[in-house]
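Visitor: This is what each chain is made of:
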Amino acid sequence: MKIDLSTCDLSTFRAQIESFVSGNLSSSLQQAGRLSTSVFCDFRAMMEWQKILHSNGMAAPSWPIEFGGCGWDPERILVFREVCASLDAPQLTSMGIQMLGPILMSYGTDAQKSELLPRILSGEDFWCQGYSEPSAGSDLGSLSTKAERKGDFYVVNGSKIWTSLAHHSNKIFCLVRTAKERSPKNSISFLLIDLDTPGVEVRPIVSLDGAVEQCEVFFTDVKVPVQNIVGEENDGWKVALSLLEHERGGASYYVGLQRKLELIKEFSESYLVGNIVAERCKDELLDIEADVLSLTYLERGIAKSSEGDSRIGALSSLTKLIGTELGQKLDEISLSLRGRDVLVVMEHELDPYYIGERLECDKDAAAFNSYINNRASTIYGGTAEIQRNIIAKKILML
Amino acid sequence: MNSEERDLLFESVNKYLTHSYNYFDFRLDGRASSESVMKMYKETCDLGWSAFLFSEEVGGFGGAAVDIADLFHKFGSHRVVTPYLESQITAGAILSGIGGKGSAVLGELMAGNITLCVLGSSDRYSDSGAIVLDLDNLGDLVCDYGAVPWAPVVDKLLLFASNKGENTLLLVDRQSSFVSVERRIGVDGSLVGRVTINGLRRESCEILAEGSAVSDIVKIASLKTSIALCAEAVGAMESLLRQTVEYTKTRKQFGQPISSFQVLQHMMANMFIAQTTSSEMLKGIASEISTDSDYLAYEREIMLLKHKINKESKLVRHSAVQCHGGIATTDELMIGHYLKRLVVIDNYFGGPHVDMNRINREAA
Ligand SMILES: Cc1cc2nc3c(=O)[nH]c(=O)nc-3n(C[C@H](O)[C@H](O)[C@H](O)COP(=O)(O)OP(=O)(O)OC[C@H]3O[C@@H](n4cnc5c(N)ncnc54)[C@H](O)[C@@H]3O)c2cc1C
Numbered sequence: 002m003k004i005d006l007s008t009c010d011l012s013t014f015r016a017q018i019e020s021f022v023s024g025n026l027s028s029s030l031q032q033a034g035r036l037s038t039s040v041f042c043d044f045r046a047m048m049e050w051q052k053i054l055h056s057n058g059m060a061a062p063s064w065p066i067e068f069g070g071c072g073w074d075p076e077r078i079l080v081f082r083e084v085c086a087s088l089d090a091p092q093l094t095s096m097g098i099q100m101l102g103p104i105l106m107s108y109g110t111d112a113q114k115s116e117l118l119p120r121i122l123s124g125e126d127f128w129c130q131g132y133s134e135p136s137a138g139s140d141l142g143s144l145s146t147k148a149e150r151k152g153d154f155y156v157v158n159g160s161k162i163w164t165s166l167a168h169h170s171n172k173i174f175c176l177v178r179t180a181k182e183r184s185p186k187n188s189i190s191f192l193l194i195d196l197d198t199p200g201v202e203v204r205p206i207v208s209l210d211g212a213v214e215q216c217e218v219f220f221t222d223v224k225v226p227v228q229n230i231v232g233e234e235n236d237g238w239k240v241a242l243s244l245l246e247h248e249r250g251g252a253s254y255y256v257g258l259q260r261k262l263e264l265i266k267e268f269s270e271s272y273l274v275g276n277i278v279a280e281r282c283k284d285e286l287l288d289i290e291a292d293v294l295s296l297t298y299l300e301r302g303i304a305k306s307s308e309g310d311s312r313i314g315a316l317s318s319l320t321k322l323i324g325t326e327l328g329q330k331l332d333e334i335s336l337s338l339r340g341r342d343v344l345v346v347m348e349h350e351l352d353p354y355y356i357g358e359r360l361e362c363d364k365d366a367a368a369f370n371s372y373i374n375n376r377a378s379t380i381y382g383g384t385a386e387i388q389r390n391i392i393a394k395k396i397l398m399l
Numbered sequence: 009m010n011s012e013e014r015d016l017l018f019e020s021v022n023k024y025l026t027h028s029y030n031y032f033d034f035r036l037d038g039r040a041s042s043e044s045v046m047k048m049y050k051e052t053c054d055l056g057w058s059a060f061l062f063s064e065e066v067g068g069f070g071g072a073a074v075d076i077a078d079l080f081h082k083f084g085s086h087r088v089v090t091p092y093l094e095s096q097i098t099a100g101a102i103l104s105g106i107g108g109k110g111s112a113v114l115g116e117l118m119a120g121n122i123t124l125c126v127l128g129s130s131d132r133y134s135d136s137g138a139i140v141l142d143l144d145n146l147g148d149l150v151c152d153y154g155a156v157p158w159a160p161v162v163d164k165l166l167l168f169a170s171n172k173g174e175n176t177l178l179l180v181d182r183q184s185s186f187v188s189v190e191r192r193i194g195v196d197g198s199l200v201g202r203v204t205i206n207g208l209r210r211e212s213c214e215i216l217a218e219g220s221a222v223s224d225i226v227k228i229a230s231l232k233t234s235i236a237l238c239a240e241a242v243g244a245m246e247s248l249l250r251q252t253v254e255y256t257k258t259r260k261q262f263g264q265p266i267s268s269f270q271v272l273q274h275m276m277a278n279m280f281i282a283q284t285t286s287s288e289m290l291k292g293i294a295s296e297i298s299t300d301s302d303y304l305a306y307e308r309e310i311m312l313l314k315h316k317i318n319k320e321s322k323l324v325r326h327s328a329v330q331c332h333g334g335i336a337t338t339d340e341l342m343i344g345h346y347l348k349r350l351v352v353i354d355n356y357f358g359g360p361h362v363d364m365n366r367i368n369r370e371a372a
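Which chain is which? The protein sequence lines are A and B, in order.
Per this note's numbering, the very first residue in the first sequence carries number 2; after that it's consecutive.
Per this note's numbering, the very first residue in the second sequence carries number 9; after that it's consecutive.
FYI, nobody ran anything at the bench for these hints, they're computed from the structure.
The structure presented is a predicted model; accordingly, all values stated were derived computationally and were not measured.
Each residue gets a CB set at the ideal place from its N, CA and C atoms; glycine is no exception.
Just to be clear, a hint being listed does not mean it is correct.
As the list claims (entries may be wrong) - One side only, chain B facing chain A, incomplete, derived with CB under 8 Å:
hint: 1; residue: Ser129
hint: 2; residue: Tyr133
hint: 3; residue: Tyr356
To be verified - 16 Å max Cα-Cα, derived EDC-like pairs, lysine to aspartate or glutamate:
hint: 4; chain 1: B; residue 1: Lys322; chain 2: A; residue 2: Glu333
hint: 5; chain 1: B; residue 1: Lys82; chain 2: B; residue 2: Glu19
hint: 6; chain 1: A; residue 1: Lys364; chain 2: A; residue 2: Asp288
hint: 7; chain 1: B; residue 1: Lys319; chain 2: A; residue 2: Asp74
hint: 8; chain 1: B; residue 1: Lys260; chain 2: A; residue 2: Asp74
hint: 9; chain 1: B; residue 1: Lys322; chain 2: A; residue 2: Glu326
hint: 10; chain 1: A; residue 1: Lys330; chain 2: A; residue 2: Glu358
hint: 11; chain 1: A; residue 1: Lys305; chain 2: A; residue 2: Asp140
hint: 12; chain 1: B; residue 1: Lys23; chain 2: B; residue 2: Glu51
hint: 13; chain 1: B; residue 1: Lys172; chain 2: B; residue 2: Glu116
Generate coordinates for the entire structure from the input sequences, incorporating the hints supplied.
Guide: Shown next, in the form of structure tokens:
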């Protein structure tokens, strides 16, 4: 008898998902999950896992059934994420499934939905996010990449920066200026661009850990068909903002934090047994455990509350802030747990597909890279200061 | 050395570091090779930087704690990649403490002809423990030291051992057959070796010192190393603050320099407080230490200084990244490279918790 995952009781649901995930997760995929040093894990592993999920209809559990999602209630979606995290499944990237998908569902034309959504799920299209520009970071509304309407095309000129994974992507969703007005409210449009269109150039940026995650993207007289606009011309700002709420809020930070906490505890209790550093970290870990638990309740509550709650957008700022800052605290603890071994640059130690020997002292090898990469977590998606501004304005009405 | 000569020396240090040194040309995780770092090491020893770190009694012309602090402050603010700390400070302190048998090696060290590093306990959370062995019955002693800065290029290793219960300092060739060094790049642009000793042989080690004096010699070396590390951290913190203030005055968002935002002003004010209190504490303590026995007398103060600097450097480096926004997370700006080095400084003796534990255990 086949169990209906949408209606069965929650403990049956959890057991089913557990057996599915553990049955399909190879050891290198699991390594990739464990060794991941930022929100992006090893690209190859991530795509491999997305394919497996997709062939089982689970690439986007939170999407409605009509678009290829699972149509589960919020509780089930969280259980699904908890199970994936607890078994160290690679995290899928958010740009397509979590950010653009919901936007197309709300603002896209029927043609956009039917053409693009399936390609996001299958991984055929890999999207990147073209919001930030060299002179428009926190002040996103001042962006200056221009799109001029010429017949059936927009001609795009300008550049984007910090575009995560653009070097792996074939498509980019961009905010572009389509009118002269200063106010972003009626001068910005949301445009979908093929990265292989003539005039587009992607240049990688080397991050502190030596890897490439971000890129610059340059547009010189790039011709984009007018039907690639999402929403009305000059009305892209509200599309942009609603996407940001998905970026910040949709993530359930507690899930990853719980797992990270577990792994650190496991590391210090089994590997570093009797060690003075492990002893001292106990109190700090206890302290963070309480914070993570409170975030768990907060995020579960938000997930369940009605879509119509106007504060949800601002609450996504709150969870983003707490989630990222707690993650940074955990990174600091794992840093001290590595002792002076922190000095060595990690190479094959971080490659999930590496099959040679792994040394005892390379347990928790991701600690230093996580620490430096996650310094960015309070910068991307809107800095911690901007989130505090939003809380002050939208929640406290200051 | 009188104060005029001292000023002259620092003028030349400044000149050298400003004109002939640039982190990006020397970091080993970039284009540079260890030869260029070693060339600079030799060149600067010839300029007298090394002799400045030692007292007249052992053939130098400086050697007070302020001398060490002032030079390493410069190393910190210019993010200098060099084995000075391991070789000149830690190994140098031990050799000068030993006197007698150590003097010949020390002479070579000061001349920049050789480099050394010290191997203490193999525990990655400890700095002062000795490996336990019996020189008359070595068996197949295996000792895995983990990450040791500069081990792949040093000429000699100084082993701190406990031989049948007695503290002993042994001198060993790095190229001996029983020493294996896996060459790796350090996160701070340095060169690191993962060192293993396997099958040490009696006839291959020279006993430089043994007996009750050894533990004080080793302790003094670790306290001198702490002073140098703290000074380097203070120099790095100073550069971070200066560069952050400059950047926020030029970076514009919302039509104004980001330095006009109150949050950032507060962050930078906190950085200033952190940096200034650290630097004053360092200067104060260093100025009261001139002889080796002063180090022992100031053990607790030095360890408290290290603790204070671990804490404040975290605030400074994190705020510097935060105030810069995305640009600080790239490899191109110095901000992240100071950050990386400061982490290494935190963890030098095993990490902030170890430093704290030492205060409770050894200097209570
Ligand atoms: C790893 C990483 C990945 C990224 N991925 C993407 C991506 O895929 N797509 C994309 O479009 N962008 C991406 N970004 C860009 C990110 O959104 C921006 O870096 C961010 O919005 C901050 O902009 P900025 O870097 O220009 O910093 P700035 O805006 O210059 O900020 C510098 C400092 O000023 C402060 N500040 C600015 N304005 C105010 C204010 N009003 N009040 C108080 N303080 C203020 C900030 O908080 C910060 O401390 C990524 C960034 C990083 C680091």
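Visitor: Determine for every hint whether it applies to the structure shown.
Guide: Hint check:
| no. | hint | in the structure |
| --- | --- | --- |
| 1 | Ser129 | 11 Å, violated |
| 2 | Tyr133 | 5 Å, holds |
| 3 | Tyr356 | 7 Å, holds |
| 4 | Lys322/B to Glu333/A | 10 Å, holds |
| 5 | Lys82/B to Glu19/B | 11 Å, holds |
| 6 | Lys364/A to Asp288/A | 24 Å, violated |
| 7 | Lys319/B to Asp74/A | 45 Å, violated |
| 8 | Lys260/B to Asp74/A | 44 Å, violated |
| 9 | Lys322/B to Glu326/A | 14 Å, holds |
| 10 | Lys330/A to Glu358/A | 31 Å, violated |
| 11 | Lys305/A to Asp140/A | 32 Å, violated |
| 12 | Lys23/B to Glu51/B | 14 Å, holds |
| 13 | Lys172/B to Glu116/B | 31 Å, violated |
In this structure, the earlier hints numbered 1, 6, 7, 8, 10, 11 and 13 are contradicted, and the remaining ones agree with it.
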